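K.L.:
The primary structure of each chain is shown beneath.
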Amino acid sequence: MSSFKNQIKNYYQSKELSASQLERLQGKSSMSLLWSAGAGLAISCFALLIFFSTAKIENQIVDEIVYNHGKNLSVEISSSDLIKIGKALPKLDFTLAQSSRLPPGKWKVLGARYCSIQGKIAAQLKLENISNGHVYTLYQTHLTKEMKGIDHKDQVSGASVQLWTEKGLLMGLVGP
Amino acid sequence: MSFNRQDLDSFYRYALSLTRKEEWAYDLVSHGVEKVLSRPFVLNKKAYAKRCIRNKFFDEYQRKEEAVAFIDEEVSLDDLEKTAINKDLIQKVLKVLNPEERELLYLWAMEDYSLSEIASLTKTPRGTLSSRLARLKKKLKSTNWEETHE
Chain A
1 MSSFKNQIKN
11 YYQSKELSAS
21 QLERLQGKSS
31 MSLLWSAGAG
41 LAISCFALLI
51 FFSTAKIENQ
61 IVDEIVYNHG
71 KNLSVEISSS
81 DLIKIGKALP
91 KLDFTLAQSS
101 RLPPGKWKVL
111 GARYCSIQGK
121 IAAQLKLENI
131 SNGHVYTLYQ
141 THLTKEMKGI
151 DHKDQVSGAS
161 VQLWTEKGLL
171 MGLVGP
Chain B
1 MSFNRQDLDS
11 FYRYALSLTR
21 KEEWAYDLVS
31 HGVEKVLSRP
41 FVLNKKAYAK
51 RCIRNKFFDE
61 YQRKEEAVAF
71 IDEEVSLDDL
81 EKTAINKDLI
91 QKVLKVLNPE
101 ERELLYLWAM
111 EDYSLSEIAS
121 LTKTPRGTLS
131 SRLARLKKKL
141 KSTNWEETHE
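Sequences listed follow chains A and B, in order. For the first sequence, this note's numbering assigns the number 1 to the initial residue and increments by one for each residue that follows. For the second sequence, this note's numbering assigns the number 1 to the initial residue and increments by one for each residue that follows.
Chain A extracted, bound-state conformation (with noise of 0.2 Å):
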């Protein structure tokens, strides 16, 4: 006689689904890879759409503050104290920030004047690599949604370009 584990295995395997109600079941799994599916097309379609949007107003970023680099226009406020320059251009509608990326030990400001980067006000701050005694100019702006996530290096017309986010704040940096 069969073990009572036995014979309990061979009731349960005798019973299965029907066609029909494995066709449901599996009818299931199938429209939901289809609305997944759907669903990864229109979000992968969005994503793209935002990388091309953000792609389109680096560069154009990167082609104004590079220019203006390149004008080399004298400041208008000549302190290495970022507060006092902060007093000095009152049109400012933001503080000016120390960037992590230029530690003071490392970089010195010289001064600053107002300049515009897509129609905003911004700052242009004149700043010499301590190390090197390159001068660099480093723009402060207002961040808008377009230029959330921005990371960027270039090197455009012969200058080196980096454009980041912090602090609330678009920070472009153009030098040698």
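Any given hint might turn out to be false.
DSS-like cross-link-like pairs, simulated, lysine-lysine; straight-line CA separation at most 25 Å [claimed, not checked]:
| hint | chain 1 | residue 1 | chain 2 | residue 2 |
| --- | --- | --- | --- | --- |
| 1 | B | Lys56 | A | Lys9 |
| 2 | A | Lys9 | B | Lys138 |
| 3 | A | Lys167 | B | Lys95 |
| 4 | B | Lys138 | A | Lys148 |
| 5 | B | Lys21 | A | Lys28 |
| 6 | B | Lys137 | A | Lys5 |
| 7 | B | Lys35 | A | Lys28 |
| 8 | B | Lys139 | A | Lys5 |
| 9 | A | Lys9 | B | Lys46 |
| 10 | B | Lys56 | A | Lys28 |
| 11 | B | Lys141 | A | Lys5 |
| 12 | B | Lys46 | A | Lys28 |
| 13 | B | Lys137 | A | Lys9 |
| 14 | B | Lys95 | A | Lys28 |
| 15 | A | Lys9 | B | Lys139 |
| 16 | A | Lys5 | A | Lys71 |
| 17 | A | Lys71 | A | Lys91 |
| 18 | B | Lys92 | A | Lys71 |
| 19 | A | Lys15 | B | Lys56 |
| 20 | A | Lys5 | B | Lys35 |
| 21 | A | Lys5 | B | Lys123 |
| 22 | A | Lys15 | B | Lys46 |
| 23 | A | Lys5 | B | Lys95 |
| 24 | A | Lys71 | B | Lys95 |
| 25 | A | Lys108 | A | Lys91 |
| 26 | B | Lys123 | A | Lys9 |
| 27 | A | Lys120 | B | Lys137 |
| 28 | B | Lys92 | A | Lys15 |
| 29 | A | Lys15 | B | Lys35 |
| 30 | B | Lys92 | A | Lys5 |
| 31 | B | Lys82 | A | Lys5 |
| 32 | B | Lys21 | A | Lys9 |
| 33 | B | Lys92 | A | Lys9 |
| 34 | B | Lys139 | A | Lys145 |
| 35 | B | Lys45 | A | Lys15 |
| 36 | A | Lys9 | B | Lys141 |
| 37 | B | Lys46 | A | Lys5 |
Simulated from the structure, these hints should not be mistaken for laboratory data. Nothing here was measured: the structure is a model prediction, and the numbers come from that model.
Could you slot chain B onto chain A? The hints should help.
P.N.:
What follows is chain B alone, placed relative to chain A:
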């Protein structure tokens, strides 16, 4: 992600061990499959489906308060191995057992789990399972369906 026939039949048999009713078992499987599809990042989908089936069953099951006699007896799954029932009576045997007892038999016979594994899977204390086994054996004996190998 889709389950194959083997998986779905496995869910169905498990649900049947709980419900003893084919339509109810199918509804539970359908529920389990839908729950898995709504959680695409679950890693062990089969185990999750079975958990959903079990939880849904016990949510719906109207538990009758049985006067459960205390059974001071250590029974192991090995004791069940020695039991033999006329194969034609298996369905009748399963009818007199409650869902927890049927589930215990299912997990032991179909999935080959040990008592400790069943305790962990069903979040039931090992002692409770042991009592359940003892009651199960008593039921089989009392209905005179059991024939033991000696």
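K.L.:
Can you list which hints this structure breaks, lowest number first?
P.N.:
Failing hints, ascending: 3, 4, 14, 16, 18, 20, 24, 27, 34.
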